[in-house]
Amino acid sequence: MNDALGSVQSALVIGGSSDIGVATARALAGRGCRRIVLAGRDPDAMRARLPSIHDAGAAETDVVPFDALDTDSHESFVEDVFGRHHDFDVVLVAFGVLGDQAKAESDGAAAVHVAMVNYVGAMSVMVAAAKALRRQGHGVLVVLSSVAGERARRSNFVYGSSKAGIDAFAQGLADSMVGTGARVMVVRPGFVKSKMTEGEEPAPLATTPEAVAEAIVGGLGSGATTVWVPSKMRWVMSALRHLPRPVFRRLPI
Amino acid sequence: MPTDADLASVPPEGTDPEVRPSPDAANAGAGTRPTGLGAPRAGGGQHLPPPGGDDVLLNGWGRTAPTRARRHVPLSADEVGAIVDAADRRGVIARGLGRSYGDAAQNAGGLVIDTDALSGVLDSDLDPTRGRGSISVAAGTSLDELMHWLVPRGWFVPVTPGTRFVTVGGAIAADIHGKNHHAEGSFCEHVTSMTLRTGDGETRILTPSGSPEEFWATAGGLGLTGVVLDATFDLIPLETAFLTVDAERAADLDDLMARMVDGDERYRYSVAWIDCLATGRSLGRGVLTRGDHAKLSDLPFQRRPQARSFKPASLFSVPGTAPPGLVNPLTVRAFNEVWFRKAPRRRRGHIESIPWFFHPLDGILDWNRLYGPRGFLQYQFVVPTAAGETVRHVIEKLSRAGTASFLGVIKRFRPGNPGPLSFPTEGWTLALDIPIGRPGLGPLLDDLDDLVVEAGGRIYLAKDSRLRPELMAAMYPRLDDWREVRSKLDPAGVFRSDLSRRLGL
Ligand SMILES: Cc1cc2nc3c(=O)[nH]c(=O)nc-3n(C[C@H](O)[C@H](O)[C@H](O)COP(=O)(O)OP(=O)(O)OC[C@H]3O[C@@H](n4cnc5c(N)ncnc54)[C@H](O)[C@@H]3O)c2cc1C
Ligand SMILES: NC(=O)c1ccc[n+]([C@@H]2O[C@H](COP(=O)([O-])OP(=O)(O)OC[C@H]3O[C@@H](n4cnc5c(N)ncnc54)[C@H](OP(=O)(O)O)[C@@H]3O)[C@@H](O)[C@H]2O)c1
Numbered sequence: 003m004n005d006a007l008g009s010v011q012s013a014l015v016i017g018g019s020s021d022i023g024v025a026t027a028r029a030l031a032g033r034g035c036r037r038i039v040l041a042g043r044d045p046d047a048m049r050a051r052l053p054s055i056h057d058a059g060a061a062e063t064d065v066v067p068f069d070a071l072d073t074d075s076h077e078s079f080v081e082d083v084f085g086r087h088h089d090f091d092v093v094l095v096a097f098g099v100l101g102d103q104a105k106a107e108s109d110g111a112a113a114v115h116v117a118m119v120n121y122v123g124a125m126s127v128m129v130a131a132a133k134a135l136r137r138q139g140h141g142v143l144v145v146l147s148s149v150a151g152e153r154a155r156r157s158n159f160v161y162g163s164s165k166a167g168i169d170a171f172a173q174g175l176a177d178s179m180v181g182t183g184a185r186v187m188v189v190r191p192g193f194v195k196s197k198m199t200e201g202e203e204p205a206p207l208a209t210t211p212e213a214v215a216e217a218i219v220g221g222l223g224s225g226a227t228t229v230w231v232p233s234k235m236r237w238v239m240s241a242l243r244h245l246p247r248p249v250f251r252r253l254p255i
Numbered sequence: 140m141p142t143d144a145d146l147a148s149v150p151p152e153g154t155d156p157e158v159r160p161s162p163d164a165a166n167a168g169a170g171t172r173p174t175g176l177g178a179p180r181a182g183g184g185q186h187l188p189p190p191g192g193d194d195v196l197l198n199g200w201g202r203t204a205p206t207r208a209r210r211h212v213p214l215s216a217d218e219v220g221a222i223v224d225a226a227d228r229r230g231v232i233a234r235g236l237g238r239s240y241g242d243a244a245q246n247a248g249g250l251v252i253d254t255d256a257l258s259g260v261l262d263s264d265l266d267p268t269r270g271r272g273s274i275s276v277a278a279g280t281s282l283d284e285l286m287h288w289l290v291p292r293g294w295f296v297p298v299t300p301g302t303r304f305v306t307v308g309g310a311i312a313a314d315i316h317g318k319n320h321h322a323e324g325s326f327c328e329h330v331t332s333m334t335l336r337t338g339d340g341e342t343r344i345l346t347p348s349g350s351p352e353e354f355w356a357t358a359g360g361l362g363l364t365g366v367v368l369d370a371t372f373d374l375i376p377l378e379t380a381f382l383t384v385d386a387e388r389a390a391d392l393d394d395l396m397a398r399m400v401d402g403d404e405r406y407r408y409s410v411a412w413i414d415c416l417a418t419g420r421s422l423g424r425g426v427l428t429r430g431d432h433a434k435l436s437d438l439p440f441q442r443r444p445q446a447r448s449f450k451p452a453s454l455f456s457v458p459g460t461a462p463p464g465l466v467n468p469l470t471v472r473a474f475n476e477v478w479f480r481k482a483p484r485r486r487r488g489h490i491e492s493i494p495w496f497f498h499p500l501d502g503i504l505d506w507n508r509l510y511g512p513r514g515f516l517q518y519q520f521v522v523p524t525a526a527g528e529t530v531r532h533v534i535e536k537l538s539r540a541g542t543a544s545f546l547g548v549i550k551r552f553r554p555g556n557p558g559p560l561s562f563p564t565e566g567w568t569l570a571l572d573i574p575i576g577r578p579g580l581g582p583l584l585d586d587l588d589d590l591v592v593e594a595g596g597r598i599y600l601a602k603d604s605r606l607r608p609e610l611m612a613a614m615y616p617r618l619d620d621w622r623e624v625r626s627k628l629d630p631a632g633v634f635r636s637d638l639s640r641r642l643g644l
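These protein sequences, in sequence, are chains A and B.
Under the numbering used here, the residue at position 234 of the first sequence is numbered 236, and the numbers go up by one with no gaps.
Under the numbering used here, the residue at position 216 of the second sequence is numbered 355, and the numbers go up by one with no gaps.
In isolation and in its complexed conformation, chain A is listed as follows:
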């Protein structure tokens, strides 16, 4: 159960090998979260991350298979993991692909892949997870959106549009969950130095998986519905949102 101060005792990380997901698992474990389950495509990669989560304080950990593209399996995946592990105070949706923007601009299949993972896959598993949380009458569904979804950019609008989709879905879902005891929290990081962005030039205000994790822990404590990382991003984006298109298009971002 989450306590009066928003500390949680159990978490399910979907996209369990994600750098941000693992960093969050560790941060939660360091604050009393004793049961953490990682779900993802690559069991070995996830298992390799377990010791650090253990060391941070989680007594009970597990790894379960999950593929964002196999949407038919999502409902039974959620039912199984909730059935086997009982309640989850937090479900974190952390999987995602950046995709190859240049390729996706000419290869429809590449663009569809990004949308299938980031939007369709996330939406599908969130529907199932929201159902489970509603039934248990408590818990927080946390989803990693991105500032890229805030306003589509020339340089990564395929990824950006998939994030815009899941962000809009999550906001609506959040409203639908009011009164159920469960809630949704949307996390919008800027550039995070992780596997996903390896080899890319860090953007201004670049941050780390650990900083995102801390922001998530903070948001769980304060009951926030939206978390920006770094928090300044919120103001940067609200300025950028109002730039005229021709100016925005030419920005080196």
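No lab work stands behind these hints, which were simulated from the structure alone.
Heads up, the beta-carbon is just placed ideally off N, CA and C, and yes, glycines get one too.
Treat the hints with care, since some could be wrong.
Stated by the list, open to error - Which chain B residues face chain A? A few, computed with CB under 10 Å, are given here:
#1 Thr-206
#2 Arg-229
#3 Gly-248
#4 Val-457
#5 Pro-582
#6 Gly-643
Assemble chain B with the ligands onto chain A, guided by the hints.
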């Protein structure tokens, strides 16, 4: 056994119906209803199907961590049984007036039995000549209702907490203590019998001598052994609805503790309020108030004809939209300063009403809203008498961290009872309200817990909303004994609450 005629010969004074406040606007049951006791409805033997119940968000008095449950308001013992039997793996828990601060009376995704309709006096045996009385009531009866019934007849509940708006079921499940603990112990020490609907389909009558294990597992058992349907307990005779109170100001914690150790035995009721923001030499300064029920002869002549009239007044209600941050170190410091200066250095034999002496906050409806949308918590612990220094360390740490707390309440407990989860043990107990919102509060309270455990003390679970489960066994060394009895009474584990999940009970 007195007949109705006997009861009628003790005319109740001042039993005007009054509206009782709801625990929280968002989760109140029927909301308000008159306190006049109707015909007893518990155990009525009616065979009504359990009503469908309604989905509600529930939280405790601290208004933190709300969760959704299906609430039923059974009208009879049979309906209680039907609801208990219908519980699935998310379980069921009883809920009285929701005055526990944390998550003891809520059950996310499961069933909640609201005892609101299980109310009324079932039987009474009042013998004023021998000064002994006892009463049997349905478990949802509130102490407020009881006082309206009892006081005009010349009797009082054996133990009252700082609010009248608790049920007898809640009083048993938390084994509540009052200002008379040092002299008369906790609530369950006055209970002679209770009826418990357990998870194995049985309805058991528990007494301290006939079924000590089950009785004491239920005392302080936070509803996890079953639903208390009714209880019989002893009463205190009184001549008036007033108390004679001695008050004295103490300059610091040592002074305060010394005065308490010295004089408590002379009083039935004793409690001290301390200013938790005072630092340095005046750390722990406070006001000690002690007293007993006033005799008729203690009252001025003009008050004697209405000596047992019991008419608590509600002053005002806090609106549902109190702004956040109203309770902060500045407002609290100012309040505490005025309050301390205003207290008499020493005053003897002051006459105070029951509500004023016992339940000063009940005059302000929904005062918990003062703490704003994020709510608050109460930190209450007890440490052995020899560990008075721990009390000082806790106050020091809190005041250094600038954690706003109105007044802390400090009191001495006598040795506890056999209840493995019953909170009171011999020593010092300190309780303070803390608003939620200040960063670092969690780790700070975790540190305080460690101090308390080190000193051999424990946290009061009925007030808790954030304790780490791994400290439970150290704080309640007989936890495993309790678990054993509980698994006998509830083999399938149908009784569950958010608190039991959080603390792994
Ligand atoms: C202003 C204030 C002052 C207080 N002062 C004191 C004090 O001085 N001393 C003290 O000891 N406590 C004090 N308390 C705490 C309060 O007395 C306890 O939390 C009490 O249990 C509340 O009773 P309730 O009817 O509201 O129960 P709830 O809060 O609804 O429930 C409390 C527990 O009792 C269980 N329960 C309720 N009814 C039944 C039943 N019929 N059968 C089985 N289990 C049941 C619930 O499952 C839950 O575990 C205070 C609280 C407030 C708000
Ligand atoms: N890094 C950033 O700059 C940034 C900024 C804002 C938002 N985000 C978002 O934050 C989340 C976490 O990203 P990250 O930075 O931690 O990157 P990451 O380490 O690359 O994590 C992404 C994870 O998604 C998993 N994944 C990809 N396709 C999957 C599929 N079909 N099924 C299941 N899992 C799949 C990958 O697992 P495999 O091991 O199976 O490949 C990978 O571990 C993502 O949603 C991302 O979009 C990232």
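Now for the hints, and whether the structure bears them out:
Hint on B/Thr-206 holds. Least Cβ distance to chain A is approximately 4 Å, under the 10 Å limit. Of the supplied interface hints, the one on B/Arg-229 holds, with its beta-carbon coming within about 7 Å of a beta-carbon of chain A, less than 10 Å. Interface restraint check for B/Gly-248: the shortest CB-CB distance to chain A comes to about 3 Å, inside 10 Å, so the restraint holds. With its C-beta approaching chain A no nearer than about 20 Å, B/Val-457 sits outside the 10 Å limit, and its interface hint is violated.
Of the supplied interface hints, the one on B/Pro-582 holds, with its beta-carbon coming within about 9 Å of a beta-carbon of chain A, less than 10 Å. Hint status for B/Gly-643 relative to chain A: holds, with the closest Cβ pair at about 9 Å, below 10 Å.
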